[in-house]
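Taken in sequence, the protein lines are chains F and Y. Numbered by the numbering used here, the letters in the first sequence go through residues 14 to 283 in order. Numbered by the numbering used here, the letters in the second sequence go through residues 843 to 1065 in order.
Incorrect hints may appear among the rest.
[Claimed, not checked] Here are the simulated distance ranges between beta carbons:
#1 Thr202(F) / Asp1014(Y): 32 to 40 Å
#2 Ile214(F) / Lys850(Y): 41 to 49 Å
#3 Thr202(F) / Ile900(Y): 24 to 32 Å
Just so you know, these hints were derived from the structure itself, not from any lab. Cβ coordinates follow ideal geometry from the N, Cα and C atoms, glycine included.
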Amino acid sequence: MKSFRNHLSLIIALVSILFSIQIFNIVDRSINAYKEKLTKNYSLVIVSQNKLLPKELKAQVPNIADVIELSPEHVIKKLNTKISKNNMELLKATLPRFYKLKLSKYPSPQEIEKIRKQLLKIKSITKVESFSATHDTIYNLLLLFKTVISVLAFAILIVTVLLIFKELRIWQFKHNERMSIMSLFGAPTWLRSAVLFRLAIVDALIASAITFVMFSYIASSSWVHEQLQTIGIEIVVFDKVDDFLSALAISVLLSIFLAAFIVLGHKEEV
Amino acid sequence: MDKVIIAKNLSLAYSNDDTIINKANFSIDTGSFVFITGASGSGKSTLLKSLYGALKPIEGSLVVGGVELKGVSTKKLNFLRKHLGIVFQDYKLVKEWTIEKNIMLPLIINGYEKSVTQNQVDSLLKHVRLQHQAGKYPQELSGGEQQRVAMARALAHNPTIILADEPTGNLDDYSSQLIWNLLEGANEQLGTTIIVVTHHIPETMKVEYKHYHIEFGDIREVI
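Modelling step: build the complete structure from the supplied sequences, incorporating the hints.
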């Protein structure tokens, strides 16, 4: 029972670490998906005296994904009744050209400012509208959300690492006697620490399996899907191959580190 | 006769200011039966610890089974220990292992095959009259039974040297006699060198033995 409790505390510590890492992954994926969604809806508007070629704009700003020329027709139509046909043609000829620029990724406020400056280097461009006020608010909100989650994940990581170190002391005490006896009979290091490494790896496998079951359930939960649909994004909550393999690798490496620490810290009793 | 242990100007201490064995000179013949006696705190157990490399000489030289123990490497020490059978005063049995597995330990370390290991363990359990206790854990046995398990473990791999620290201290007559018989048997039949640290040499000894006495940090043969 006591031995089971010792196992359980390492398994809980490992599951906590894997849980916080996976939660961080989900938040990161959600933010990236949301950024992508915002990128689709976000565009800059530029005013130019002359016709601009997409190639010319992309050469100046590589981040541009698409260039759409805005037709002035609907503005002119409003004036249609009051202006003569000749004057209308004259107006059409003298009106500046408007372009909507789509970007390949959601930019930071600094990136927007940089793009704005790069665009203004083109002589014919007279104005760049970045709608920065709205954009900056959303961007800062996302940044804040990500920071909060990162701090939270980091805090969990610190607490669990401390928990693991406490566990390590218990293991060190528990296995020291057996390792000393084995050493007195000439057992090489690998043989006297084999049990320890086996236990550590078994605990890591159990922790990874628990994480797998937990996140497979979360990923299939309709509530989670509803929430994602509400904010209009679609993400992989838990990749049963990649995420599981990462979790497995992390827990096995951590456990091996733990066991190695005990083996290296082992002192023979005199 | 070949010497299995040679000590020259051997000094032993747990700390530099407290020398327990001081510049001792002695040697032990291969295949001999040796008793080391001395008053409590004279350094008997300390000397035995140095023979299996748990305490390194601070001065002089100590060669056991051809291995110089002063500044010995872990690899060489492991090699030497594989050829030793040690019986500790406090038994040093692995609590979480069964009696059977405890006896198996030196056989596993020496890389014996599983079938050989099992046969040897069964035979030893019979010799120490514990065949019915094979699946039990050390804490389920009496002190005398635990010492018999420790004895069986020390004999398991037919070691070159057996080092025994007070092997019959606090044991009943039955267990004590069983242990002396086993030690004598190993010495007579297998030619194993036996070194026993004890307060009293049993009167019932059938084999020829040598007696060393430790006093004031010096080791002298009692003739």
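Hint check results:
For Thr202(F) paired with Asp1014(Y), a C-beta distance near 39 Å keeps the hint of 32 to 40 Å intact. Against the hinted window of 41 to 49 Å, the Cβ-Cβ separation of Ile214(F) and Lys850(Y) comes to about 48 Å, which satisfies the hint. The beta-carbon spacing between Thr202(F) and Ile900(Y), approximately 26 Å, falls within the hinted interval of 24 to 32 Å.
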